[in-house]
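*Asks:* Sequence:
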Amino acid sequence: MSPLLEKLEQVVPGFHGYQKRAQLREDDALIREKVASMLDSAKGRVERMIVTMRKKNIGAALRLDDLRLELVKASQMLKHAKRDTDMFEKGEVNEHVLEELLRCDYELVHLALRIVERVVNLSMSMEDREFMDKLNETINIVYELEKCIKKREDIISGFKNT
1 MSPLLEKLEQ
11 VVPGFHGYQK
21 RAQLREDDAL
31 IREKVASMLD
41 SAKGRVERMI
51 VTMRKKNIGA
61 ALRLDDLRLE
71 LVKASQMLKH
81 AKRDTDMFEK
91 GEVNEHVLEE
101 LLRCDYELVH
111 LALRIVERVV
121 NLSMSMEDRE
131 FMDKLNETIN
141 IVYELEKCIK
151 KREDIISGFK
161 NT
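The opening position of the sequence shown corresponds to residue 1 in full-length UniProt numbering, with each subsequent residue numbered one higher.
Be aware that a few hints might be false.
[Claimed, not checked] The calculated lysine-lysine pairs, modelled on PhoX-like cross-linking and capped at a C-alpha distance of 25 Å, are:
1) K79 - K147
2) K82 - K43
3) K7 - K151
Hints in this document: simulated from the structure, not taken from any laboratory.
Just need the whole structure built from these sequences, with the hints factored in.
*Replies:* Rendered as structure tokens:
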């Protein structure tokens, strides 16, 4: 068993690592649902911070809203991902494609965990400059996650070309 698969199985209960061909679609859904859930959780925390931050620093509140919007966008990208691909219909995927998909899934989960951690660690008691720096870093991680989602979709959609 690959180390990536072991790590993913710890974070995503029921995930089989695309090893069972009959469960390719289910494994895909588990990853997408888990990451979307993590992003939705972070979004909820950000929404609560916005309410408090409006009273303290309107600029930071607006930037928090930017983060909230990016979290919504990334979550929706996962929830509404294309599901009717040849990869899932045929249930036959070469090992190289599966390994690439597994790496991408690991990166998705890892980035989502980093986002949640950073949102949890954003503190209203920080100085404004430090808060904004950490907030901007978090938004950049969400951008990375969005790129990873697109890459994952390309892997799944491009399966018929491999």
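*Asks:* Work down the list of hints and note, for each, if the structure agrees.
*Replies:* Status of the hints after comparison with the structure:
1. K79 - K147: With a Cα-Cα distance of about 16 Å, the restraint between K79 and K147 holds, given a limit of 25 Å.
2. K82 - K43: holds (23 Å)
3. K7 - K151: Holds, at about 20 Å.
Consistency note: the structure conflicts with none of the earlier hints.
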